[in-house]
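Participant: Sequence:
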Amino acid sequence: MNPFEMKPKNQFSPVLFTYPSVIQHLHVIGLALIAVSVLYLIAANWLMLPKIIQLLIPQIFLLISASASVWLLASNDAVRQALDGISGLMLGLSMAVIGQVYQTGADSYLLFLVWALLLLPWLYRPNIGVFALFCVVSQFALLMFFKQSFWMNQELSVYLLCLSIWTGLCFIACIKRYFSLRYLFSAFAAGMSLLSMFKYCEDYAWAYLALSMLLPMAFSLYFYLQRMALETSLQVAGLAASFSILIFQLTEDALPDSAAGLLVLAALIFAWFAGISAVLMKMLPKTKFAAIPLALGAWFAGIILSSLLLTYWKVFSIAAGLAFIAAAWLVIRRTSSVFLRQLAYCLWICGQAAVLAHTELLTGNTALICLIQFFFAALCIFSRMHWLIVLLQLAVLYGLGLAALLDAVGYGNQASLRFYIISLNYALLTLLLCSAPLWLKSAYRASFSLWILLILAAAAVLQLALHSGSPADAPPSLWANYLLPGIWLLSFCLIHRTALLQPQLWAIPALAAALMLFGYFEIFILLALLAWSVAYQQRLVQALSVLLLVFWLWLLYYSLGVSFLMKSLSIFLSGLAVLLLAHLLAQNSRTAVQGGAA
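Per numbering that gives the first Met the number 0, the very first residue in the sequence shown carries number 0; after that it's consecutive.
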């Protein structure tokens, strides 16, 4: 066995970077960084390039990526799929450039249609990225056709019908070859159902009512026949949520605008979802997922009931909110009923919102609100509540912390505000790193790891907002760009000093130092979190880490106050460093395996 594949006990560690699946991700990320750097360089000089060069660039990249996918890297499935995805994007870029250069006058839907057709040959080998791109592009082609033919305003129901039929056909392909995308199709069907129901409540056209049921019922029937309990319950819950809009619409005029009206509405909503769950429990008797609509109904009913605290009372709402929290805490501690627990969670959140909102109205002290929220978050953690509730508490705590900083410093002093926000972010990230051996072994590792992603996402957005309002010639902050990331990196090295005694693992902090020098150290934190999520198969954290990495790369275009050439060069060198790290780790891993076999 490769000694570098021995994962530490559920914690961040440089050793995780040697895991084979992590090395594959590093290869893909390195290629992505290099591709982004080239795109930046081309975009900077696009208008100055001759038209023939503009036409050749995407086609050359298409040829290179397609050739590498077929001949050079056929054994590495992750890299092959990444190269095929780049090929699909280059096809679209080629179509856009042809339309720009020749000014063909073709309608936009024709460009999307041709792009979708050109993607079909890339699906001869299973490729989830190209298939997802095909679904998106083909639906854009349908949308642009109806918009440009002026049918969208006249016959919206026809467009929704065509979109439903095409989504159903794509769903069939998804079930056969890309089964992991079923939840996305299920969510899309629920979204279309909600849109159709809103249109029905506006126009009372029966076509919209039928369209609101078409996809959810078809998907639910398929999931039920395949005995897929979770998918069936989720799809039915989405359909029930869509029909709850109709219940709101029908009762809006009949019920009085008072506390009694809200109570009756809450009872109707609860009865609707309870009836749906009762039917599911008979159809799926051996699963707990049939209670999902009941839990959703508990949240809806709880929100309606708890809105009384924010609508009809002022000072009394604080006391009532505390009473709701106390009652919810007792129910959560003493019952195992799905409905009662979900109702208690909802009452807790809404009572907490009432306490925070009315306390802020009475005192105007954001720091006090932040302190109260800290106690609420600690109480949720020590009461062993659901990890999603804990994540929500941590997210609210971070948001209130930012609000307290903004209230204390003021938005006008952006230099000081940026200093304090970056200090807060790195203080939290360093604290989470140092305490990782504790929370990674707890039931809340998903909560804290997702909180890290939330902090990084907020840091990206806030730095972009503050940078856009700062002077162009403002000098870079030594504290923000180097000292605070250096403290995090030093803590990482000290915590894992035993693992870093192996010379080959020093390439990891070297990569971190290089990223810090180039100005986006947060990418290394994302890589460390991604390595942990891949090694321990935390799918949600892994997917969100990849999405956030893409988001960071997109923001680099705006956040770095340097020329396009320097942006392109720094991103290219970063991608080269990631590829070099992946190559060194893979080589050392093979050497260790051969040494162990000998």
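These are computed hints drawn from the structure, not numbers from a lab.
As the structure is a computational prediction, the values presented were derived from the model and not from experiment.
Careful: at least some of the hints might be erroneous.
Mimicking DSSO-like on lysine-lysine, the simulated pairs with C-alpha atoms at most 30 Å apart in a straight line are [said to hold, decoys possible]:
(1) K285 x K198
(2) K175 x K281
(3) K287 x K440
(4) K50 x K175
Participant: Please work out if K285 and K198 have their alpha carbons no farther apart than 30 Å.
Facilitator: violated (37 Å)
Participant: K175 and K281: Cα distance at most 30 Å?
Facilitator: holds (29 Å)
Participant: Starting from K287, check that the Cα of K440 is at most 30 Å away, please.
Facilitator: Within the cut-off at roughly 27 Å; holds.
Participant: Are K50 and K175 close enough, with their CA atoms no more than 30 Å apart?
Facilitator: violated (43 Å)
The earlier numbered hints that this structure contradicts are 1 and 4.
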